[in-house]
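Asks: Sequence:
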Amino acid sequence: MTRSVFRFLSRQPDPVRIESDTHLLRLPRGSDYRQWFALRRESRPFLEPWEPTWRAEEMTESAFRARAIRSEQEFHSGQAIPLFVFARDTETLLGGLTIGYIRRGAAQCCMIGYWMGERFAGQGHMAAAVRLSIPYIFSTLQLHRIEAACIPENDRSIRLLEKAGFHREGYLREYLKINGQWRDHLIFSLLSRDIAPNRTASE
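Residue numbers (the working numbering): 42 to 244.
Treat the hints with care, since some could be wrong.
FRET-style restraints, in silico, Cβ to Cβ [as the list claims (entries may be wrong)]:
#1 180 - 218: 29 to 37 Å
#2 71 - 141: 15 to 23 Å
#3 97 - 71: 18 to 26 Å
#4 71 - 196: 21 to 29 Å
Simulated from the structure, these hints should not be mistaken for lab results.
Glycine is no exception: its CB is placed at the ideal position from the N, C-alpha and C atoms.
Construct the entire structure; sequences and hints are all you get.
Replies: Right, dumping it as structure tokens:
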């Protein structure tokens, strides 16, 4: 058993906890499975147009627990930080936000991706989660640049990124295979210097 698996099974304090008065971002736990499964199942038609195809076996509890262990391993290796987004007062699962493709060296960059359960969409939850993640990325991780990509038809995601201060940079042809098809994406970025000191995105 690896050290990271031992930490996961022994329920050590969360290595990542990003929170405000209303929202909480943390790594997935095995105990989150029921909430996650219910939310993903009921939101499937809502999410399918914007995501890679999910196989049936990826929805099982064993696959979820393996993914939760891998999330902690990715965090400790510095590769990625896959986070769940909760309502802080009830710990109701709302969606997820991943800080991925973390590059050090000359790049000092990452890419964020996110998803939101259908019944919680359009209520400002993901905008709040993105705003929470930005100071963590720039101050705690000390990265210089955040990237995000979205399908051109995803107006909701485009508005979210622009409101958070991201700049549209270009057009990526057939960038990701989404719902079984190679789809073009818009690429957005936010630099650490785009956020003034003592100021959060969208203020």
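Asks: Holds or violated: the 29 to 37 Å window for the beta-carbon distance between residue 180 and residue 218?
Replies: Holds, since residue 180 and residue 218 (Cβ atoms, about 34 Å apart) stay within the stated range.
Asks: Could you check the hint for me, namely that residue 97 and residue 71 are 18 to 26 Å apart, CB to CB?
Replies: holds (20 Å)
Asks: Taking the Cβ atom of residue 71 and the Cβ atom of residue 141, is their distance within the range 15 to 23 Å?
Replies: holds (21 Å)
Asks: Is the gap between the beta carbons of residue 71 and residue 196 within 21 to 29 Å?
Replies: violated (36 Å)
Consistency note: the structure conflicts with earlier hint 4 alone.
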